[in-house]
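Build the full structure now, drawing on both the sequences and the hints.
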Amino acid sequence: MASQLPPEFIVKIDYDHCRRCRRCVMNCSFGCMQFKDKVVPDHKKCVACHRCVTFCPESAITIAKNELAYKENANWLPEVRQNILKQAETGGILLAGMGNPRPFQILWDHMLIDACQVTNPSIDPLREPMELRTYLGKKPNLLEFTDRNGEVDLATTLQPQIKLDVPIVFAAMSYGAISLNAHKALALAAKRSGTLMNTGEGGLHEDLYSYAGNIIVQVASGRFGVHSEYLNTSAMVEIKIGQGAKPGIGGHLPGEKVGEEISKTRMIPAGTDALSPAPHHDIYSIEDLSQLIYAIKEATDYTKPVGVKISAVHNVAAIASGIVRAGADVVTIDGFRGGTGATPMVIRDNVGIPIELALAAVDQRLRDEGIRNNASILCAGSIRNSADVAKAIALGADAVVIGTAALVAMGCRVCQNCYTGNCAWGIATQKPELVRRLDPQVGSERLSNLLKAWGNELREILGSLGVNSIESLRGSRERLRGINLDEQTLKLLGIKPAGIGQ
Amino acid sequence: MRSNCYIPSGCAVSGMMSESGKRVDGSDIIKSIALMHDRSNGLGGGFAAYGIYPRHSDEYAFHMMFDNISVKESFEDHFKDRFDIVLDEKIPIRPGAVFEDKTSGRYNGYGTHPIINPPLLWRYFVDVPESKMKFVSESEYVVEEVMEINSTIDGAFVASSGKNMGVFKGVGYPEDIGVFYKLDEYKAYIWTSHGRFPTNTPGWWGGAHPFSLLDWSIVHNGEISSYGINKRYLEPFGYKLELRTDTEVVAYLFDLLVRRHKMPIELAVKALAAPFWKDIDRMPEPEKKIATCIRQVYGGALLNGPFSIILGHNRGMVGFNDRIKLRPMTCARKDDTLYMASEESAIREIAPDLDVVWSPRAGTAVIGELNEEVV
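Just so you know, the protein sequences line up as chains A and B, in that order. Counted the way numbering that gives the first Met the number 0 counts, the first sequence spans residues 0 to 501. Counted the way numbering that gives the first Met the number 0 counts, the second sequence spans residues 0 to 374.
Since the hints were derived computationally from the structure, they do not count as laboratory data. Any given hint could be a false lead.
Claimed, not checked - Pairs of lysine-lysine, DSS-like flavour, derived with a Cα cap of 27 Å: (1) A/Lys137 to A/Lys190; (2) A/Lys451 to B/Lys277; (3) B/Lys261 to A/Lys137; (4) A/Lys190 to B/Lys288; (5) B/Lys239 to A/Lys137; (6) A/Lys190 to B/Lys277; (7) A/Lys162 to B/Lys277; (8) A/Lys495 to B/Lys239.
Stated by the list, open to error - Far from chain A, by Cβ distances over 10 Å, these chain B residues were calculated: (9) Pro53; (10) Pro94; (11) Trp121; (12) Asp335.
To be verified - Across the chosen pairs, the derived CB separations fall in these ranges: (13) B/Lys101 to A/Asp485: 55 to 63 Å; (14) B/Ser73 to A/Gly369: 31 to 39 Å; (15) A/Ile105 to B/Ser150: 32 to 40 Å.
From the three backbone atoms N, C-alpha and C, an ideal C-beta is built for every residue, glycine too.
Here is the structure:
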């Protein structure tokens, strides 16, 4: 039965300028462009990935939204009706990629940053040192010293700490969800920029073992690719409990993506589906989590921090507190806008809470319990620019995690079709002809440029705040003000409204 | 009495100590701070003096400010159950006093700003009852009580709570405050002083410097831009930051790091005005390891923003600047006396012939300690 769904986009070709080079046909990985005397688009297949637009030498292609007139209805929006049509046709769960796209209030955009005037001077980051260095890991509440005839030495031994030159790490994205070239680009960039990439749950390809010092290896519910060497080929280990785009939901890498390399890396037969269960089947409680944390610490001889990643759900503060008490050295909180390669749309769009509120609640809770030093907090779930980074750190994060922003830097156009495996930019695909479109060197340079730019912007922000070290912004909510926020939200964020002085 | 306004501070600081423990009266320190008259604006001045109560040196001296007599009564009601009061008396003052001397500075307007509308000023020499120390140490108990008084008894304020020391402060120019409190009649081996230039007008006596807790006293010229996180860092340790001024975090940070965490003072300064990573990376071991760990663990205690600070305590005086020296401080020595002040002129005013004068480098502490043999 032919689909009743209208095309989402209309591909317009300016035939006066088209020189019929067929580059668009070669570049379109969704089969939208055909050549019959001239380029003929199949509008229904267009996902607005802009690959053809970017590569057309004559700029003869434009993509427009298919502005079909519907009988106006503020409730039964076109998108709602189309989703029903899709499900009526297939009987399936609607799949989606990337993060929650719905127009919820973005709290970052309702926070404003302070600056110095007169009474405390601002600092010029081009002339004075401006420090972004951050260490992830458990810190004691105090240091003890020995004094032997005036020779003072440290009596306390710190648990392992991971140094970041910039307080931004790359998010967990598995080899499988994204291509090996994308993984390589992330690893290269992490090394060059002095930060970390995260393997996600798909194991670590052997080609990347030499980047161990800049890699977080993840242990997720499917335990794909987890072995002793894997755990030890890392700067840090992360246990993934949840993900912002799909709290409480497992994962599914379809068998057609499991080629030889992925098969080896994940340690599963080629061509079989890789199913990650919703929970870890050996973690049904906080005490089970503690056992896994310490099992990993044993396996890595207590040389690496062990983190736990959870999605931001209603009770996130209490859960995070439990995780810290269970022995985690780092807690990653992933907000409801966090991205993914594939998730049921109903979960992506309706489950979880904003990262801003979750972060504020967790940081305050850990302080109230006097255990804030016991773990670092990583904040994930749609960090879009350096202002978001600064605001997240001011709310209490030790560092932030970027996934979607990193993909966009590599070429992603956020078309939300990652789960189809047809990524025209060579990122979320395993098709060799598409994967090779992403040059790891070029990708890593773009990623490093992004971190460099954000790092410099952070230095400008710190300078205008009159502080020269990131730890003087970290948790300093006094330097934030809320605008157009209700009283309860301000209270939850722990910030004052704009217009109120100190 | 207490305003809800937050007060960033400008200010002048001056301090002097005799390493041999020789006690001198307050006229010199008054003269020194008077010279820097233009650095203050008449909205606050104060002094800390160590060694002033030799006959009560084993008792905690509470310097109190009360809005009115009924606050004093309710305070005493609260206080008498918590401490054994050995002696309580009015702090001697000269109402309407002014500084009438001359200094070598050009300012000619001394004597025109009499100290008026003081709160009730009272001092209590107290012992901590044995029964109170079952679960906490003596000093911990005093800290808890100070926090409680300042946060729960409206209109009562603990200006200082150390042994054999006291803080004398109020609204006005510092030289006038000094005369008002009759500091020429006290003898101390350490004097610190402060003239204040707040950019707001709260007119609150408790808001003047020094800030003090136990025998810690802080005078501070500058603004703590990291106040937000310093406050949040201190709160889980039980400190209540009620004074709405950034300087109190410095006093509490020293209390936490040195008294409770038992950190040597020179290392505590390395937490508060930490060396830059670029310098730490070039340090030899074990210095490098120590400096790295201090920054990793005490990031929330790092003071950022412009400041020069003089910390006083029973055994010494410490002066230090922010990490890029955005506020001035000059140190000098004459015989066994160590001087620190915002301006060299303020030292020369009272000790024209100095053995050595220097400006400490940014973030480097100048630590003055009483000689070993001084009890």
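In terms of Cβ atoms, is chain A entirely out of 10 Å range of B/Asp335?
Fine: 22 Å to the nearest Cβ keeps B/Asp335 off the interface.
Given pair status - B/Lys239, A/Lys495, alpha carbons within 27 Å
At roughly 19 Å apart (the allowed maximum being 27 Å), B/Lys239 and A/Lys495 satisfy the hint.
Taking only the CA atoms, is the gap from A/Lys190 to B/Lys288 under or equal to 27 Å?
24 Å, holds
Non-interface claim for B/Pro94 versus chain A (Cβ beyond 10 Å)
Non-interface label stands for B/Pro94: nearest chain A Cβ at 33 Å, farther than 10 Å.
Looking only at beta-carbon atoms, does the pair B/Ser73, A/Gly369 fall within the given range of 31 to 39 Å?
32 Å, holds
Are the Cα atoms of A/Lys162 and B/Lys277 separated by 27 Å or less?
Holds: A/Lys162 and B/Lys277 sit about 14 Å apart, inside 27 Å.
Proposed proximity, B/Lys277 with A/Lys190 (alpha carbon, max 27 Å):
Since the Cα atoms of A/Lys190 and B/Lys277 sit roughly 20 Å apart, the hinted pair holds (cutoff 27 Å).
For a C-alpha distance cap of 27 Å, please report whether A/Lys451 and B/Lys277 respect it.
18 Å, holds
Restraint status (C-alpha distance of B/Lys239 to A/Lys137 at most 27 Å)
Holds. B/Lys239 to A/Lys137 sits at ~26 Å (cutoff 27 Å).
With 10 Å as the threshold, tell me whether B/Trp121 passes as away from chain A on beta-carbon distances.
31 Å, holds
For A/Lys137 and A/Lys190, compute the direct alpha-carbon distance and say whether it is at most 27 Å.
23 Å, holds
Quickly compare the C-alpha distance for B/Lys261 and A/Lys137 to 27 Å and report which way the hint goes.
With Cα atoms ~21 Å apart, B/Lys261 and A/Lys137 stay inside 27 Å; holds.
When the structure is compared with the earlier hints, no violation turns up for any of them.
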